[in-house]
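Asker: Sequence:
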Amino acid sequence: MELLRVLERAIEERRDLQYGNLFYSEELGINVDKYNDIAVVQWWNRQLEKLAKEIFDLLHSYFPHVIEKNDLKKRVKAGLKRRKRIVRGYKHRTIIQEGKFKFFVDCLHGQRTGFYLDQVENHLRVEELLEYSERTLDLFSYTGPFGIHASIYSSKVICVDKSLYAVKEGYNNVRLNKLPHVDFVHQDALDYLYNVYKQEKFDLAIVDPPEYIKLEYLASVLRLACKLSKTVVFINRLRLRVKQREGLIVWY
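Straight run, no breaks: the sequence shown in my numbering ends on number 467.
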């Protein structure tokens with residue numbers, strides 16, 4: 216089938232990447248990412264269900280470990296079941312190098328295919344934002360890539376996420392990179408801001424909210440973050456209209 220030929224060409228062109236996207240097509244309804252020797256595939260096109268074995272076999276011919284990460288919400292809209300599993304090989308965890316730091320990636324249990332690949336450039340930009348930040352706050356931190364990159368210029372970094380998995384994996388990343396000045400807090404971001412509002416101040420706050428977030432909730436987070444911090448970086452992936460505030464920097 217033409218899809219398999221297109222997919223194979225894409226893999227051949229990008230197979231030397233340590234990690235990253237190998238192939239994405241909204242029209243065909245498929246995404247393939249790579250992390251070292253692990254390939255992760257997702258699709259939301261009903262027609263591709265019939266080609267599952269062929270897709271897995273093709274990926275396995277290049278990568279010893281293949282993960283089916285078909286837990287996308289849009290599969291439900293297409294009338295498909297959500298599932299995630301190891302379909303070839305046995306490994307689902309690996310370590311990637313992003314700039315100066317290393318990160319654990321769990322392709323089976325992590326968000327998306329294991330890492331926020333679309334934010335890699337922004338993770339690295341944080342290092343260039345400030346020459347020095349005494350205290351940095353990372354809200355919706357996931358496993359800590361923003362906070363860990365900010366740790367280069369911060370004497371204290373606090374990462375906040377309501378996912379226990381993210382916090383545990385974040386501490387694994389802290390130990391991996393030997394960063395005793397980076398801490399994680401298992402708590403809702405807005406609850407944390409309300410709790411520390413009168414006690415804490417930060418030089419830099421990073422706000423990278425999940426895709427499915429209530430706008431009123433997000434507005435409250437940004438308002439409090441701007442009061443607690445001199446500079447706030449808001450990762451606006453959804454390109455929302457944002458009220459300008461002093462010290463607020465918006466990245467897309």
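Just so you know, these hints were derived from the structure itself, not from any lab. On a predicted model such as this, the values are computed, not experimentally measured, just so you know. Some hints could be false.
As the list claims (entries may be wrong) - Mimicking SDA-like on lysine to any residue, the simulated pairs with C-alpha atoms at most 25 Å apart in a straight line are: (1) Lys296 x Lys315; (2) Lys377 x Asp321; (3) Lys413 x Asp403; (4) Lys299 x Lys315; (5) Lys288 x Leu332; (6) Lys371 x Lys289; (7) Lys289 x Glu349; (8) Lys268 x Lys288; (9) Lys371 x Arg224; (10) Lys268 x Arg224; (11) Lys315 x Ala293.
Asker: Under the criterion that the straight-line Cα-Cα distance not exceed 25 Å, is the pair Lys288, Leu332 satisfied?
Answerer: Within the cut-off at roughly 19 Å; holds.
Asker: Lys315 and Ala293 were given as a pair; does the straight-line alpha-carbon distance stay at or below 25 Å?
Answerer: Violated: Lys315 and Ala293 sit about 41 Å apart, past 25 Å.
Asker: Between Lys268 and Lys288, is the straight-line Cα distance small enough, at 25 Å or below?
Answerer: This hinted pair holds, its Cα atoms lying about 22 Å apart.
Asker: Measure nothing beyond the straight line between the CA atoms of Lys268 and Arg224; if it is 25 Å or shorter, mark the hint as holding.
Answerer: holds, 18 Å
Asker: Check the hint pairing Lys371 with Lys289 against an upper bound of 25 Å on the C-alpha distance.
Answerer: violated, 39 Å
Asker: Is it true that the CA of Lys289 sits at most 25 Å from the CA of Glu349?
Answerer: violated, 42 Å
Asker: Hint check: Lys296 vs Lys315, CA-CA at most 25 Å. Holds or violated?
Answerer: Distance ~39 Å between Lys296 and Lys315 Cα, so the pair is violated.
Asker: Tell me if the straight-line CA distance from Lys413 to Asp403 falls inside 25 Å.
Answerer: Given pair Lys413, Asp403 holds - Cα atoms ~17 Å apart, limit 25 Å.
Asker: Could you grab the alpha-carbon distance between Lys299 and Lys315 and see if it respects the 25 Å cut-off?
Answerer: violated, 31 Å
Asker: Would the pair Lys371 and Arg224 pass a check requiring their Cα atoms to be no farther apart than 25 Å?
Answerer: Violated, at roughly 46 Å.
Asker: For Lys377 and Asp321, compute the direct alpha-carbon distance and say whether it is at most 25 Å.
Answerer: holds, 18 Å
The structure is inconsistent with the numbered hints 1, 4, 6, 7, 9 and 11, although it conforms to all the rest.
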